[in-house]
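S.K.: The residues making up each chain are set out below.
There are 2 protein chains.
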Amino acid sequence: MFEEWSLNFESSTPCYLQIYSYIKSCIFSGTLPIGTKLPTQKELAIQFGVNRSTVVTATELLAADDLIKSNGKGGTIVKNNASSLNAPPPPNWTSYIHAGSHYPNKSTVQLINNNEHRTDIYALTRPELSKELFIPEMLKEMRMYNALDPDSLGYDHPNGNFLLRENLCSYYADLGVKVNPDQILIVSGALQALYLISAGILFRGSAILTEAQSYIYSVNVFQSAGMRLFGIPADENGISIANLEKTHSQTNASILYSIPNFNNPTGILMSEERKKRLYQFCQNRKLPVIEDDTYRELYFTERKPIPLKFYDTNELILLVGSCSKVLFPGFRLGWIVGTKPVIDRLADIKTQIDLGTNTLSQRLMNFLVESTYYSQHLEHIRGCLRERRDFVLDILNRNFHGLCSWSIPKGGVYIWLSINPNISVSKLFQRCLKNKVLFCPGDIYSSHANNSIRISYSYLPLRDLECSLLLLKQCMLEELNLMS
Amino acid sequence: MFEEWSLNFESSTPCYLQIYSYIKSCIFSGTLPIGTKLPTQKELAIQFGVNRSTVVTATELLAADDLIKSNGKGGTIVKNNASSLNAPPPPNWTSYIHAGSHYPNKSTVQLINNNEHRTDIYALTRPELSKELFIPEMLKEMRMYNALDPDSLGYDHPNGNFLLRENLCSYYADLGVKVNPDQILIVSGALQALYLISAGILFRGSAILTEAQSYIYSVNVFQSAGMRLFGIPADENGISIANLEKTHSQTNASILYSIPNFNNPTGILMSEERKKRLYQFCQNRKLPVIEDDTYRELYFTERKPIPLKFYDTNELILLVGSCSKVLFPGFRLGWIVGTKPVIDRLADIKTQIDLGTNTLSQRLMNFLVESTYYSQHLEHIRGCLRERRDFVLDILNRNFHGLCSWSIPKGGVYIWLSINPNISVSKLFQRCLKNKVLFCPGDIYSSHANNSIRISYSYLPLRDLECSLLLLKQCMLEELNLMS
Chain A
1 MFEEWSLNFE SSTPCYLQIY SYIKSCIFSG TLPIGTKLPT QKELAIQFGV NRSTVVTATE
61 LLAADDLIKS NGKGGTIVKN NASSLNAPPP PNWTSYIHAG SHYPNKSTVQ LINNNEHRTD
121 IYALTRPELS KELFIPEMLK EMRMYNALDP DSLGYDHPNG NFLLRENLCS YYADLGVKVN
181 PDQILIVSGA LQALYLISAG ILFRGSAILT EAQSYIYSVN VFQSAGMRLF GIPADENGIS
241 IANLEKTHSQ TNASILYSIP NFNNPTGILM SEERKKRLYQ FCQNRKLPVI EDDTYRELYF
301 TERKPIPLKF YDTNELILLV GSCSKVLFPG FRLGWIVGTK PVIDRLADIK TQIDLGTNTL
361 SQRLMNFLVE STYYSQHLEH IRGCLRERRD FVLDILNRNF HGLCSWSIPK GGVYIWLSIN
421 PNISVSKLFQ RCLKNKVLFC PGDIYSSHAN NSIRISYSYL PLRDLECSLL LLKQCMLEEL
481 NLMS
Chain B
1 MFEEWSLNFE SSTPCYLQIY SYIKSCIFSG TLPIGTKLPT QKELAIQFGV NRSTVVTATE
61 LLAADDLIKS NGKGGTIVKN NASSLNAPPP PNWTSYIHAG SHYPNKSTVQ LINNNEHRTD
121 IYALTRPELS KELFIPEMLK EMRMYNALDP DSLGYDHPNG NFLLRENLCS YYADLGVKVN
181 PDQILIVSGA LQALYLISAG ILFRGSAILT EAQSYIYSVN VFQSAGMRLF GIPADENGIS
241 IANLEKTHSQ TNASILYSIP NFNNPTGILM SEERKKRLYQ FCQNRKLPVI EDDTYRELYF
301 TERKPIPLKF YDTNELILLV GSCSKVLFPG FRLGWIVGTK PVIDRLADIK TQIDLGTNTL
361 SQRLMNFLVE STYYSQHLEH IRGCLRERRD FVLDILNRNF HGLCSWSIPK GGVYIWLSIN
421 PNISVSKLFQ RCLKNKVLFC PGDIYSSHAN NSIRISYSYL PLRDLECSLL LLKQCMLEEL
481 NLMS
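Protein sequence lines, in the order shown, are assigned to chains A and B.
In this text, residue positions in the first sequence follow our numbering: the first is 1, and each later residue adds one.
In this text, residue positions in the second sequence follow our numbering: the first is 1, and each later residue adds one.
No lab work stands behind these hints, which were simulated from the structure alone.
C-beta: ideal position from N, C-alpha, C; glycine also.
Check before you lean on any hint, since a few could be wrong.
[Stated by the list, open to error] Okay, derived cross-link-like pairs now, EDC-like style, lysine to aspartate or glutamate, Cα gap no bigger than 20 Å in a straight line: (1) K410/A - D149/A; (2) K276/B - E315/B; (3) K286/B - D66/A; (4) K140/B - D149/A; (5) K131/A - D149/B.
[What the hints assert, rightly or not] Listing some non-contacts, in silico: residues in chain B with all C-beta distances to chain A over 10 Å: (6) D156; (7) P288; (8) G356.
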C-alpha cells in the first residue's frame, strides 16, 4: 500500500500534512474503500521515512475528519469516505487548498514575492532592468509601431507568431545555430518553458541533474511534477564533469538542466573548454540538456559567450530563451528551441493550459529584432550593467571586508555573496526585511548554500543600491554583535 | 500492483500506449525493481479494464525495449531498467514525448488548432470578434495610451495589476457582486484559470460535474490532472437540477463546472429561476462551483443576464472571466474571482508556472474599463453579433431544411446544429476540410453529441460566412447522396 507515493522533503508543506492529504485523497478517490485496514503507524513511519510522531499527527487529523477509526484490535481501518458521511462536507476551502498536485512555494519565496513590489522596499532581489537603462528613442519607436492591430490579436498558431520565429532563426543563425521556425515554440517566459518540459516529456519521478546552486531549486516547477533534483558542484569554469559523470551513473538521470552563461544565482560563466567537454559528455551518454540561455547577452567579456547549443550536432539540447532580463519581464515572453517532435508535443500542451502566448508582446519583440534598435539596446545595457557591477563592487570593497566575500561576475545581473559564517543568513534576512531591504537567501537555490545570498545590481536606482547595501552592512554588523 | 493508476479512455492516446508508458515509467523510476514479477496478462487486462490483446501489445513493446522477459514459468519479470542496460539509451526523443503527465489534445482538436490559422480556410471554428466589429475611435485611443512604460513592465504582484483588480471590483459591484482586489487573480485567459484550479485545489481523481455538452470536454485541462468528468443533461433553461442531484449523490463530486450564460457549445442561456435553484442546491450540498463567465456580456435579450455569482452569499463560487470573447484573445487575459484563501493558493501556483500575466494587456484593459469606451464597445458588439446571428439564421432557414436543425441563441457567438442522422459528422468534417471549411464536431464537447456541430458567427467576414455555409450545405448533400 502507498508504494507509488513518497514525501517531498523539500516542500514547505509539513510532512504530516502531506501524509494526511495523500491518505485522504486515497480514501476520497475510492483507492482505499471503507473497511480497508491501514498499515500500523510504525510501518507507515518506516515506509514514508519519517518519525512515528509525524504519522500519529497525520492519522489524528484523519480520525478528526471521521475518515478512519480503530478496529478494536490495535489496527486502524477506513471508516467513511466523503460519500458515506451523513452530513455533506461543508465548502471547506481549507481542505481544498491543501489538495492539488502543486507544492506551495517555499515560504521565503512567498515572502519575497509578496514584498518585493512594495514601494517602500529596497528590492535587491529584483533582476529586471532599471527604467533608466532603456534608450528613450527605442521606446518611442516601439510606441509608434501599431502593435494593436485587431487582425493580429486573435488566437495565434500553437507555436506562436511566425515572423518572430523566423527572426529568432536569423538571430540564432548568427550564433552558428541552425534551426527552422517549426523548431521554435514561443512561451510565456522561461519558467513556463521549464513547466512545459516537466509536464510534457519527463516521467514522474525522473532524476534531473543541475548545477548545485541553481535557479531551478528556487521554483517548484520540477519538484511539483515529482522530479528529483541532483546538484553537481561547479568551479569558476562551470559544472564539474567528473562529478557529473559520477552522479549520472548513479542516478540514470533523464536530463541535465544547466545555465552555462552567467548562472543564476552564482553568476559563473562556463568556459568554452568546459562547454565542449560538457557537450561531449552528454553526447556520449545520450543525455539531453535543457540550456537556460536567459543571461547570455549580458556579457562584460571581450568575447561574446556562445550557447552550448552551438555544439549541438545531435539535437540533444533544448535551448530556453527569454526577453525578461534583456528587455521587459512584463512581456512574459520566452521561447524553446529544440527538435521538432518535442516542440510539437510542448506546443500541444501549451494550447491546453493557456492557448498560447500574448500576441502583443510577440509583435513588439518582433518589431524590435527586425529593427536596428535591438542590437543597439543590448550594447547599451551591457555597458550600463558593467558600470553598475563596478559601482556595487566598489561599495563591497570599501565596506564589506570581513563580512562577506564574492567573486567578480563577468556578466549577468547578480553578485553571489558568501557571508561570514558567524552570521545567520535567515536572521539576517528577517532583520533586513524589518529595515526594508530584501535579498535572496542562498538556501532557496541550494540545500547547501545556507551561508550565501544573491543580490541584483540591475534594478534599483544607483542611490538606492548604495543605500540598501549600507543598510545590509549595518544589519550584518548587528547580527555579528549579537553573536559575540 | 498498479492500483493507483487507471487508463484515460477519453484520451486520444491508445490504451496500449498508455499502459506501455505507465509500466515503463514504473521500471525507470525504480518502483518496479529488476526481478519484479508482473501480474499475468489476464490479471492486467481485468485490472485496467481492457481486452487481453491490448495488454499483449503493451508488453510486446516493453519486451522490444528489453525491459521485461519471460521467467520461464509462464510469468513475466522486469529484466532491465535504463540504468542496467549495457549501452546507454540513445537520446530517443520519441520515448520522451510519450512521457509527461499531460495527455495530448484529441486528434480532431489538434487538426483544428493546426488548420484554423491557414489563410485559405473558412474557419467557422473561430470564436473571436471580426476586426470590423471594433470601433476605430476606441482602437485609436488605446494606441495613444502609453502602455509601454518601463516602470510597469517589470515583474508584477502575484495577483496581477492592482488598478485592474480595483476596476474589476467596480465592474462586479455594478452587477451586485461585492469583492475586494485581493479576491481577484489575473490570469492568462480563462483556460489557465481552469488549469490553476485543477492543479491547485482539486485532488487527483476528483469527480467534476458539468453540463453534458461543455467546453470542458474539448480541453484536457481536468482530464490530464486525473479528474473524472460527469455530464449533466440540460434543457432550454439550463442544467437539470434533478439530474444534478442524482449524479452528485452517486459521485460525491468535488466541484461543478458550469457556463450558465450562453453555454459553449450549445449557446443555452440558463433562466434566472434555474440559476436560483442551482445555487440553492449547491448551497445545500456545499458543492463549490466554477462559473465560466466568458460570454455573459454578449446578450441579445432585453434583460442583462446575471452571473450565478450574484446569488453567492456563501463564497461558494469561483467566477472565471475573460476578455477573449469581448475584446482580444491575443491579450491572453482573464481573471478568477473567489474566496481569498483559494485566490492566494492559485496565485502562488501561477508564480511557479509562468510568473504572472503579461502586464501590457493588463494596462490596456485597465485603460479601457476606466474609460467610457468599454461599455460603448460592449453595446456595439452586442448589436453587431445580433445582426450576424440573424444573418446566419436566415441562411440556415433558406438552405438547411432537412439537413439540420437548431435553436435560436439569445447571445454568445455560437449556433449548435443537430445534423440529419443519415450524415456522418466525422466524414462531413473531412469533406469540409478538403473544401477548406472548418467547423467543430460535437463529439469534442461531449461523448454523446456525435450528431451535432458548432459553428461561430463572430469571426468571418459576412461574405465568407455565407460562402462557407453554402459549402457546408454542399458537403452535407454529398454525404447524404453517398448514403442513399
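S.K.: Taking the hints in turn, state whether each one holds.
M.R.: Hint-by-hint comparison with the structure:
1. Distance check on the hinted pair: K410/A and D149/A sit about 41 Å apart at the alpha-carbon level, beyond 20 Å; violated.
2. Taking the CA atoms of K276/B and E315/B, the gap is about 15 Å. The hint holds against a cut of 20 Å.
3. Taking the CA atoms of K286/B and D66/A, the gap is near 18 Å; set against the 20 Å cutoff, the hint holds.
4. Taking the CA atoms of K140/B and D149/A, the gap is about 10 Å. The hint holds against a cut of 20 Å.
5. Taking the CA atoms of K131/A and D149/B, the gap is near 9 Å; set against the 20 Å cutoff, the hint holds.
6. A cut-off of 10 Å between C-beta atoms contradicts the statement that D156/B is not in contact with chain A; the least separation is 7 Å.
7. Listed as a non-interface residue, P288/B fails to keep its Cβ farther than 10 Å from every Cβ of chain A; the least gap is roughly 5 Å.
8. Listed as outside the interface, G356/B is inconsistent with that label: its C-beta sits roughly 7 Å from the nearest C-beta of chain A, within the 10 Å cut-off.
The earlier numbered hints that this structure contradicts are 1, 6, 7, 8.
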